[in-house]
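Q: Chain residues, written in single-letter form:
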Amino acid sequence: MVTKKIIGRVFFWLLLMGLTGPTWADSDPETVIRYRHNVMKALGGHMGALALIVRGRMDFPNHLTHHAEAVAAISRTVIELFPAGSNSGNSSARSVIWQKWDKFRDTCAGGVRASEEFLSAVKNGDKADVKKKFRVLSKSCARCHRKFRVPRGG
Amino acid sequence: MGNALAADVKGAGYGEYVFRIAGCAGCHTDVENDGPFLAGGRAFKSDFGTFYTPNITPHPEHGIGRWSEADFIRAMTEGTAPDGGHYFPAFPYISYTLMHTDDLRALWGYLVTAPIVAKVNRAHQLPWYMPPKISAWVWKILYFQRGPFRERTDRSAQWNRGAYLAGAVGHCGECHTPRDLLGARVQHLPYAGTIKGLGDRSVPNISSHQTTGIGRWTRDDLEYFLETGALPGGDFSGGIMAEIIENGLQYLTGPDRQALVAYLLSLKPIKNEVSTRKGEVTRRLNEFE
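Chains A and B are the protein sequences, given in the same order. Counted from 1, the first sequence has number 82 at position 82 by the numbering used here; the numbering is strictly sequential. Counted from 1, the second sequence has number 257 at position 103 by the numbering used here; the numbering is strictly sequential.
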């Protein structure tokens, strides 16, 4: 009976840890911010590469899918990159993100949709649609920066 | 901007097109506080105090509802209100004075169709040594030069059109040109950027300097930026420039965009590193990568 209780409790805690996993609380805010910067830089790198291919300045059509998949995958994680308390120090995240979390979440969701639609267009191979959907995707990035990022000038 | 463009403006009237490129919505709508369209109240901090944009909806008391077209054109080209008062140059009549009358009339025709909003205007917050009426008047005496725009005969039609779009309607120099202690644009540093822009923001150097300006940008880079806000390195412009693109510049017709780009890339290179220190990171605002 006692053994069953112990096993039960151990199982409960293992289950809890498995469900919650490591949390942002395990990382200091500066590390969170640095991680976010790196992820955003990666996203920007893919977008910059895509822009050159879509605009016909680089002839790597076979790279389109790689970059589009990366953008779609990273876009899905963006909402997770902004835990509460991570706008201190070197962060460009505006406090309005947390003040208007619903709007921020909706904006992120819009970005995810745009990235998925772009990926679909890439997989379908319709060049005109690829250009059109990339423009939509670009504007979703710009919209989020306009609303939620401190301008580059400070 | 001639009437010839109207046919090329898809889905929008000529007046609305001028409105978009002139950037009225961005300043006269308090987007930060979800303010009504064109009802004013947006705050711009500067070294001279905080300026609040007025209501320019057709409200008869708080807006421009009782103005005539002539009143509007005078405000835009002379910086003078219908009651004879003088505007501070935070309202960019220094640039708008260069606009063609046809464009001003078209803009007026569009503005009078905007939804009426009964929002009371907020007085500027100025230091005690700047009594509004006198200081605006004195500033104009010292610095204001009335238009119109004069084409350069040694330049192409496209270049002149770009110069008109940048210097008059789009009033790019109002933000991108540094100002002196009295708030006048420094004439020998056109578009060279400034760390003390309106709204207390730094503004990039968009001269053709290779390292501190946009000299490494191609025409394609700049055209794409004006259309989407995408920087060559993959990042996206934020802040006021993103608004300007979203509300206005993305609607430039193809020929107008090309003209604006041709003009901007012809600007003389001016070395002026505009950066801001944020934490331990010094960011260059014209970052190519």
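Don't take each hint at face value.
Capping the alpha-carbon separation at 20 Å, the derived lysine to aspartate or glutamate pairs in EDC-like fashion look like this [claimed, not checked]:
no. : chain 1 : residue 1 : chain 2 : residue 2
1   : A       : 132       : B       : 381
2   : B       : 425       : B       : 334
3   : A       : 100       : A       : 117
4   : A       : 103       : B       : 237
5   : A       : 100       : B       : 427
6   : A       : 41        : A       : 69
7   : A       : 147       : B       : 237
8   : A       : 132       : B       : 237
9   : A       : 103       : B       : 305
10  : A       : 131       : B       : 400
11  : A       : 127       : B       : 374
12  : A       : 131       : A       : 117
13  : A       : 127       : A       : 69
14  : A       : 147       : B       : 381
15  : A       : 147       : A       : 102
16  : A       : 127       : B       : 237
17  : A       : 103       : B       : 186
18  : A       : 147       : B       : 334
19  : B       : 294       : B       : 381
20  : A       : 103       : A       : 69
21  : A       : 123       : A       : 80
22  : A       : 147       : B       : 188
23  : A       : 131       : B       : 427
24  : B       : 422       : B       : 237
25  : A       : 132       : B       : 377
26  : A       : 132       : B       : 188
27  : B       : 273       : B       : 377
28  : A       : 147       : B       : 427
29  : A       : 131       : B       : 374
30  : A       : 131       : A       : 116
31  : A       : 100       : B       : 334
32  : A       : 131       : B       : 237
33  : A       : 103       : B       : 188
34  : B       : 199       : B       : 215
35  : A       : 100       : B       : 186
Here are some chain A residues pointing at chain B (derived, C-beta under 7 Å) [what the hints assert, rightly or not]:
no. : residue
36  : 51
37  : 105
38  : 141
Source of the hints: derived by calculation from the structure; they are not laboratory data. Don't be surprised by glycine CBs; every beta carbon is placed ideally from N, CA and C.
Q: State for each hint whether it applies.
A: The hints, checked one at a time:
1. A:132 <-> B:381: Cα-Cα ~12 Å, so holds.
2. B:425 <-> B:334: Between residue 425 (chain B) and residue 334 (chain B) the Cα gap is close to 17 Å, so the pair holds against 20 Å.
3. A:100 <-> A:117: violated (26 Å)
4. A:103 <-> B:237: violated (42 Å)
5. A:100 <-> B:427: At roughly 35 Å apart (the allowed maximum being 20 Å), residue 427 (chain B) and residue 100 (chain A) break the hint.
6. A:41 <-> A:69: Between residue 41 (chain A) and residue 69 (chain A) the Cα gap is close to 16 Å, so the pair holds against 20 Å.
7. A:147 <-> B:237: Given pair residue 147 (chain A), residue 237 (chain B) is violated - Cα atoms ~37 Å apart, limit 20 Å.
8. A:132 <-> B:237: violated (49 Å)
9. A:103 <-> B:305: Given pair residue 103 (chain A), residue 305 (chain B) is violated - Cα atoms ~46 Å apart, limit 20 Å.
10. A:131 <-> B:400: holds (18 Å)
11. A:127 <-> B:374: holds (18 Å)
12. A:131 <-> A:117: holds (12 Å)
13. A:127 <-> A:69: holds (17 Å)
14. A:147 <-> B:381: Since the Cα atoms of residue 147 (chain A) and residue 381 (chain B) sit roughly 18 Å apart, the hinted pair holds (cutoff 20 Å).
15. A:147 <-> A:102: With a Cα-Cα distance of about 13 Å, the restraint between residue 147 (chain A) and residue 102 (chain A) holds, given a limit of 20 Å.
16. A:127 <-> B:237: Not OK: residue 127 (chain A) and residue 237 (chain B) at ~57 Å, beyond 20 Å, violated.
17. A:103 <-> B:186: Holds - the C-alpha atoms of residue 186 (chain B) and residue 103 (chain A) are around 13 Å apart, at most 20 Å.
18. A:147 <-> B:334: violated (30 Å)
19. B:294 <-> B:381: At roughly 35 Å apart (the allowed maximum being 20 Å), residue 381 (chain B) and residue 294 (chain B) break the hint.
20. A:103 <-> A:69: violated (25 Å)
21. A:123 <-> A:80: violated (27 Å)
22. A:147 <-> B:188: holds (12 Å)
23. A:131 <-> B:427: violated (34 Å)
24. B:422 <-> B:237: Answer violated: residue 422 (chain B) to residue 237 (chain B) is near 41 Å, above 20 Å.
25. A:132 <-> B:377: holds (16 Å)
26. A:132 <-> B:188: It is violated: about 29 Å lies between the C-alpha atoms, which goes past 20 Å.
27. B:273 <-> B:377: Distance ~37 Å between residue 273 (chain B) and residue 377 (chain B) Cα, so the pair is violated.
28. A:147 <-> B:427: violated (26 Å)
29. A:131 <-> B:374: holds (15 Å)
30. A:131 <-> A:116: holds (14 Å)
31. A:100 <-> B:334: violated (38 Å)
32. A:131 <-> B:237: violated (51 Å)
33. A:103 <-> B:188: At roughly 12 Å apart (the allowed maximum being 20 Å), residue 188 (chain B) and residue 103 (chain A) satisfy the hint.
34. B:199 <-> B:215: violated (26 Å)
35. A:100 <-> B:186: Status holds; Cα separation ~12 Å.
36. 51: Because about 6 Å separates residue 51 (chain A) from the closest Cβ in chain B, which is inside the 7 Å limit, the hint holds.
37. 105: Check failed: Cβ of residue 105 (chain A) comes no nearer than 17 Å to chain B, outside 7 Å.
38. 141: holds (5 Å)
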